[in-house]
Amino acid sequence: MRLPRGSHPLGGGALIALVSLVPPVRHALEASMTAQMLVQIPLLIGAGCLLAPVVPTRVPARIHAWNQGGVAGLILATLVATFWMLPRSLDASISHPLMAAAKHLSVPLLIGLPFALSWPKMGFVVRGVLLAEVVATFFRLGWLYWVSPIRLCNNYGLDDQRRLGAYMLVLGGGLLAWLGWKLLMGRFDSGAPSPGSLPPATDHWEWTPAELSPEAASAYEDARLRGLCHEGALEAALGAAQRLPIPTASHPPPALSRPAGARVPSASRSGK
Amino acid sequence: MSALRTAVLSVALLVAGGEGIAIATDGFRAFTTETARRLAVRRRPVGLPAVPLENQSGVAFTVDDLRGRWVLVDFIYTRCLTMCAVLGGDFSQLERQLAEPIARGRLQLLSVSFDPAHDAPADLASYLTRFRGHGPGWEAARPVAEEGLKQITTAFGITVIPDQLGGYTHNAAIHLVDPAGRLVDIYDVGQVELVTRSVLDRLTP
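Line by line, the protein sequences give chains S and V.
Each residue of the first sequence is one higher than the one before, starting from 1 at the first, in our numbering.
Each residue of the second sequence is one higher than the one before, starting from 1 at the first, in our numbering.
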């Protein structure tokens, strides 16, 4: 969820959703089933993801108590995505202006945004299940579109539907290959580490906020809610802990509760 | 505590979402617009607008003039070589199988062109000839105005999209209109036996 410096995520997200509503653009994006499902809807989801970093910090903090491990957010995003995968929803979003408005609002706000807020909280298992399910959905729908002799959308032709099916099978295959690669390489993370972050590690989730001092833990939590990956948040938390006033007898050091040498997690692994 | 709240919210979302999807799919029965259109018509018949039409002989009439009879309606364009040919075959069969109610004036077959720019009365007449349709039991007609075309396709739920070959792709079906001028049922192309039985059932008091 890291953005290039100087970009305005709110503006970017809203802009994508609005531009997609401009009649010629909308017409182009909805001219084929392939474009609507593989370009327009992903773009709108992306627009929602771009909104995540600009949500005021206290909002995700409040939601957090109801969204442990990102599960509730994932369920919301999945259900709304299911609705927009129904052929009749795609048809209706072309024919009925109200459904078009519903699509342009709900796809960013109820799929992209909750997904972006929940993904950093998801554990390995939840992410794995989600990704496996995404791959399976691409294969299931791709196969259905590829072989179905019946047009599923009244607004789209059979050729278009078959082409979409083929693309989805290819995309599902690509995603599966990428997942397999990630698993084989032993790393499974939300993003590439940025320069200056902790070195890649296979056991980087060994470090949990529980091992941090309360101040560092809360800084860690804030950073995660802002959308940083685990390492990024850990780094931010350690940085924040260092900036706190010098400890006194009544205030124990706000650093890590781990014993000496625990400034970076790699130190604890050096003996391995 | 957080885990419990998350579990409660997740279950609530699943229940609400499941309910939402159930409503959106007519109880998991209609995933496509075409199925939804058929279920909706059966549940609530659709009143048809009095669209002005012109038949294969150039005679003007409106949809309202058909009241008092049951009408089987399909939508075609005469250049069509695929779906409309199948529909033409179906109607040709229906005209023979339902000859008796047609002869007694209780049933009418009507093919409506959604391509009025190309389908002049002469084209409609040759379309009927192609399928050995003999008036007045089976008529072909075109809307006389662009507005009428839009009205009638909207009322019936027909979506027409241009294809790459200069023709059209359209949802093809056999529509049943009751004597009160309401669309009451929609059948698949090829369901000639079902349509025959259904019409005869409705005609028998």
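These aren't lab readings, by the way, just hints derived from the structure by calculation.
This structure is a prediction, so every number in the text was calculated from the model and none was measured.
Beta carbons: idealized from backbone N, C-alpha and C, even for Gly.
There may be inaccurate statements among the hints.
[Claimed, not checked] Have a look at the derived ranges for each label pair, beta carbon to beta carbon:
| hint | chain 1 | residue 1 | chain 2 | residue 2 | range |
| --- | --- | --- | --- | --- | --- |
| 1 | S | Pro97 | V | Pro179 | 31 to 39 Å |
| 2 | S | Leu21 | V | Val160 | 18 to 26 Å |
| 3 | V | Ala117 | S | Gly180 | 36 to 44 Å |
| 4 | V | Gln164 | S | Arg62 | 34 to 42 Å |
| 5 | S | Ser148 | V | Ala22 | 22 to 30 Å |
| 6 | V | Arg106 | S | Met99 | 36 to 44 Å |
| 7 | S | Glu133 | V | Gln93 | 43 to 51 Å |
| 8 | S | Met85 | V | Val189 | 25 to 33 Å |
[Unchecked claim] One-sided and incomplete, this derived list gives chain S residues near chain V with beta-carbon spacing under 7 Å:
| hint | residue |
| --- | --- |
| 9 | Ile63 |
| 10 | Ala65 |
| 11 | Trp66 |
| 12 | Ala72 |
| 13 | Leu79 |
| 14 | Trp84 |
| 15 | Met85 |
| 16 | Asp91 |
| 17 | His96 |
| 18 | Asn154 |
| 19 | Gly180 |
| 20 | Lys182 |
[What the hints assert, rightly or not] Now the stretches of chain V that chain S is said to cover, found in silico as 3 or more residues with beta-carbon under 8 Å:
| hint | region |
| --- | --- |
| 21 | 22-31 |
| 22 | 162-176 |
Outcome of the hint check:
For Pro97(S) and Pro179(V), the Cβ-Cβ distance of about 35 Å falls inside the hinted range of 31 to 39 Å, so the restraint holds. Hint check: Leu21(S) to Val160(V), Cβ distance near 25 Å, so the stated range 18 to 26 Å holds. Take Ala117(V) and Gly180(S): their Cβ atoms lie about 55 Å apart, and the range 36 to 44 Å is violated. Separated by about 53 Å at the C-beta atoms, Gln164(V) and Arg62(S) break the suggested range of 34 to 42 Å.
Taking the beta carbon of each, Ser148(S) and Ala22(V) are about 23 Å apart, inside 22 to 30 Å as hinted. Hint check: Arg106(V) to Met99(S), Cβ distance near 40 Å, so the stated range 36 to 44 Å holds. About 47 Å separates the C-beta atoms of Glu133(S) and Gln93(V), a value consistent with the hinted range of 43 to 51 Å. The supplied range of 25 to 33 Å is met by Met85(S) and Val189(V), whose beta-carbon atoms lie about 27 Å from each other.
Taken as an interface hint, Ile63(S) does not check out: its beta carbon lies about 9 Å from the nearest beta carbon of chain V, beyond 7 Å. Annotation: interface hint on Ala65(S) holds; nearest CB of chain V at approximately 5 Å, less than 7 Å. Because the beta carbon of Trp66(S) sits about 5 Å from the nearest beta carbon in chain V, less than 7 Å, this interface hint is met. Proximity of Ala72(S) to chain V holds as hinted, the smallest CB-CB distance being about 4 Å (cut-off 7 Å).
Interface hint status for Leu79(S): upheld, as the beta-carbon distance to the closest one in chain V is roughly 3 Å, under 7 Å. A cut of 7 Å between beta carbons decides the hint on Trp84(S): the least distance to chain V is about 10 Å, and the hint is violated. Hint status for Met85(S) relative to chain V: violated, with the closest Cβ pair at about 9 Å, above 7 Å. Because the closest C-beta pair between Asp91(S) and chain V is about 4 Å apart, less than 7 Å, the hint holds.
The interface hint given for His96(S) is violated, since its Cβ lies 11 Å from the closest Cβ of chain V, which is over the 7 Å cut-off. Taken as an interface hint, Asn154(S) checks out: its beta carbon lies about 4 Å from the nearest beta carbon of chain V, inside 7 Å. Among the interface hints, the one on Gly180(S) is violated; its C-beta lies about 29 Å from the nearest C-beta in chain V, farther than the 7 Å criterion. Against a cut-off of 7 Å between C-beta atoms, the interface hint on Lys182(S) is violated, since the closest Cβ of chain V lies about 27 Å away.
Counting residues of the region 22-31 of chain V whose beta carbon lies closer than 8 Å to any beta carbon of chain S gives 4, which meets the minimum of three for the stated coverage. Under the rule that three or more residues need a Cβ within less than 8 Å of chain S, the assignment of the region 162-176 of chain V holds, with 4 such residues.
In summary, the numbered hints that this structure violates are 3, 4, 9, 14, 15, 17, 19, 20.
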